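Student: If you want the building blocks of each chain, they are given just below.
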Amino acid sequence: MAMSGLDIYKLTPKTNCKECGFPTCMAFSMKVAAGGVEISKCSHMSDDAMAKLSESTAPLMKVVTFGKGETECKLGGEIVLFRHEKTFVNRNRFAVLLSDAMSQEQIDAKIANMKNVDYVRIGEEMRAEIAALQYVGNKDAYLSLVSKVKASGLKVAYMLVCPDVSVLKETLELVKDELPIVFGADSNNYQEMVALVKDLKLPLGLKAPSLAELYDLVENVQKLDYKELLLDIGSASAREAFTNAVQIRRTALKEQDRTFGYPSVVFVNELAKGDKFMEVALASLFTMKYGSLIVMDDMDYARALPLFGLRQNIYTDPQKPMRVEPEFYPINNPGDSSPVLITVDFALTYFVVSGEVERSKVPAWLGIPDAGGYSVLTAWAAGKFSGSVIAKFIKESGIESKTKCRKLIIPGKVAVLKGDIQDSLPDWEVIIGPDEAMHLPKFLRTMEGIN
Amino acid sequence: MAFKTSVQKYSGSIYNLELGTGENTLALGGQNVFPFYSFDGDTGSGVKIGLEILDIYPENWADGLKSIYGSAAENTVEWAKYAEEKFAPDFICLRFEGADPNGLNKSVEECATLAKKVANAVKLPLVIAGTQNYEKDLKLFEKVAEELEGKNILLLSAVEDNYKTVAAAGVTAYKHKVAAESSVDINLAKQLNILINQLEVKNENIIMNVGTAPVGYGFEYVASTIDRIRLAALGQNDKTLQMPIITPVSFDTWNVKESASTEEDSPEWGCQEERGIAMEVSTAASVIAVGSDAVVLRHPRSAETIRAFVDNLK
Chain F
1 MAMSGLDIYK
11 LTPKTNCKEC
21 GFPTCMAFSM
31 KVAAGGVEIS
41 KCSHMSDDAM
51 AKLSESTAPL
61 MKVVTFGKGE
71 TECKLGGEIV
81 LFRHEKTFVN
91 RNRFAVLLSD
101 AMSQEQIDAK
111 IANMKNVDYV
121 RIGEEMRAEI
131 AALQYVGNKD
141 AYLSLVSKVK
151 ASGLKVAYML
161 VCPDVSVLKE
171 TLELVKDELP
181 IVFGADSNNY
191 QEMVALVKDL
201 KLPLGLKAPS
211 LAELYDLVEN
221 VQKLDYKELL
231 LDIGSASARE
241 AFTNAVQIRR
251 TALKEQDRTF
261 GYPSVVFVNE
271 LAKGDKFMEV
281 ALASLFTMKY
291 GSLIVMDDMD
301 YARALPLFGL
311 RQNIYTDPQK
321 PMRVEPEFYP
331 INNPGDSSPV
341 LITVDFALTY
351 FVVSGEVERS
361 KVPAWLGIPD
371 AGGYSVLTAW
381 AAGKFSGSVI
391 AKFIKESGIE
401 SKTKCRKLII
411 PGKVAVLKGD
421 IQDSLPDWEV
431 IIGPDEAMHL
441 PKFLRTMEGI
451 N
Chain R
1 MAFKTSVQKY
11 SGSIYNLELG
21 TGENTLALGG
31 QNVFPFYSFD
41 GDTGSGVKIG
51 LEILDIYPEN
61 WADGLKSIYG
71 SAAENTVEWA
81 KYAEEKFAPD
91 FICLRFEGAD
101 PNGLNKSVEE
111 CATLAKKVAN
121 AVKLPLVIAG
131 TQNYEKDLKL
141 FEKVAEELEG
151 KNILLLSAVE
161 DNYKTVAAAG
171 VTAYKHKVAA
181 ESSVDINLAK
191 QLNILINQLE
201 VKNENIIMNV
211 GTAPVGYGFE
221 YVASTIDRIR
231 LAALGQNDKT
241 LQMPIITPVS
251 FDTWNVKESA
261 STEEDSPEWG
271 CQEERGIAME
281 VSTAASVIAV
291 GSDAVVLRHP
301 RSAETIRAFV
311 DNLK
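Taken in order, these protein sequences are the chains called F and R.
Each residue of the first sequence is one higher than the one before, starting from 1 at the first, in our numbering.
Each residue of the second sequence is one higher than the one before, starting from 1 at the first, in our numbering.
What the hints contain is simulated information worked out from the structure, not anything from laboratory work.
A quick note: this is a predicted structure, and the numbers were derived from the prediction, not measured.
Beta carbons: idealized from backbone N, C-alpha and C, even for Gly.
These stretches of chain R come out as covered by chain F in the derived footprint (C-beta under 8 Å, 3 or more residues):
(1) 36 to 42
(2) 206 to 217
(3) 223 to 231
(4) 254 to 263
(5) 272 to 279
(6) 294 to 305
Calculated pairs, BS3-like style, for lysine-lysine (alpha carbon to alpha carbon, straight line, at most 25 Å):
(7) F:276 - R:66
(8) R:66 - F:361
(9) F:413 - F:384
(10) F:31 - F:254
(11) F:254 - R:9
(12) R:4 - F:289
(13) R:106 - F:442
(14) F:223 - R:4
(15) R:257 - F:276
(16) F:86 - R:9
(17) F:442 - R:257
(18) R:81 - R:123
(19) F:361 - R:257
(20) R:314 - F:276
(21) F:227 - R:4
(22) R:175 - R:139
(23) F:276 - R:86
(24) F:289 - R:9
(25) F:418 - F:404
(26) F:254 - F:223
(27) F:289 - R:314
(28) F:223 - F:201
(29) F:155 - F:74
(30) F:442 - F:413
(31) F:442 - R:66
(32) R:190 - F:86
(33) R:117 - R:175
(34) F:254 - R:4
(35) F:273 - R:314
(36) F:62 - R:4
(37) F:395 - F:407
(38) R:257 - F:115
Work the whole structure out from these sequences, hints included.
Tutor: Shown next as structure tokens:
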């Protein structure tokens, strides 16, 4: 059970030495209890007290790290069951499954798709981050598969899905420096598996036929003093997998039982049985509810566009609005005679407005100044979206050299800014746009004299 | 220690609501748990799936969709029959795009006559969607409600500016159901329900349309709003939020660039129809995962996928 600030205080030296950065031991203890600082910041704690505390003040759900450099991923560390309670912390990651039973053409096609799907959305790189490499029985083919992926130049972390310890040993020689996940420990082989990964501290994926057996397996592995774990939620049916995902997360966070305090693995590819759209539906479900590592059959744009967008939404801090980078965005291939629109940097506003401008098919420049990440009216009320902010942005952004058109369209809701902007930008014709983005297509097409 | 299932009991539950008449009556609500949390309690009537059709030819729809319906889409009554027979949805959502004052601005009489023809041609319950212009919708819903008296349809949706007429005409005068539409805000949802209650409309006659967004477009607000509505309804037994939720998923997902951009415009993105279905399926699965009891979809393939998805999780 979690300890209260008072429980922790009783174990501190109570000297108020301030070395931890807090004015009193009590203040420090309260902060530790709230999870805001590590207990190790106090250097005067007795070993006994420290052992007792580091166990009980550790996060209920462990953070597991794998991959290296730009392929490094962190999973877990979640603190709430609903994102509005605080935030979801480490976004789920998507893996694509490749196996030694697949033909070279199949493997090549999937690698090509993974390479193709790599794009930036609101400042975040979107791609399948993991190659799940499954051993089906042909060792030579498996080793060459691993080598092939490694040589392909794909920017991915590895997940070796292989229950055979001797094959794993050989495979690890190829990729152990990349800090892969080793997946496939069960009640029969877990001792050898732990021995294999322990020195390298590689995350170990555990699987069992039922939740009760998985629970026992985790306890057995913990007895071997190994805690870098991932838990397979099972693939018998979607219903069972969903139940298990919720139960694992709830047991850890609500029941405060660390036996299930680990990230989960979901083989959505197996649950969907080759149905691409079912795979999208299930991957969406597990993005919302407690899948940490989601294994897909493939990653093309049809899958990526909704799934990465959904993940980006769900893993945002509910206390901070999502923002887009202030700059000029070209829409419908604008040229040097295209008009200029201005709106705020609140991501939702940007998406709605840019979508409607796209729909209009009118080439245009969409300018996003730094408006504090608020919606149009809120930013205006806060003084972040004023005539001077807009005029300054127009002058400093370099847009005047990109287009000769001097039409500047502002949101209808801030029509009041027209005079201010006009005074600062005498060369421009400030035009009041519609109140609602949905009326932009008609507005733009009328303005440009298209039907 | 051995594993023990963690069970969460709630004091509240969602109202039962019925749409349609006779043997095709559709039940919504009734659950006292989160979606698919059968280990906690009763999951109620389960998720219902509707297909969207229009009162006009769907000129702006994706080509793949248009070809599925072929010439049936040229006649709304034929279209409704075709959708019912071929794809067996739980309900049909007839959307009056042609009544939009910014478009064809069809008269409410014309619309009501068409709605009646459709209602007489199909067995499934009808959901009537308007133009999203509240003044026009007020008149449209009133007339359609009158024309379809006794059919127990759902009027989608009453908003703050027109709820008095829509709820009074729809429920009190002509015995239909009404959807209270708020825009992704739990307080607005609650307020509108209370206002409609004050018109002597009982909760059993109200569905909530709490707003939606395609995934990637601020869907986190949708997810958290519905999470909070359900926590209040189930956990705090808040009777003003215990109505089932309907989400017109297709109204938004087909407009965003992921679905609307052609293969010519975005060659690297591949097949447009697949992207459209995937956006619709992902948004529907996500909104169902947080608590929507009914979704309106456009592509039959999306409906088929979501049907199997829901069945697999039952």
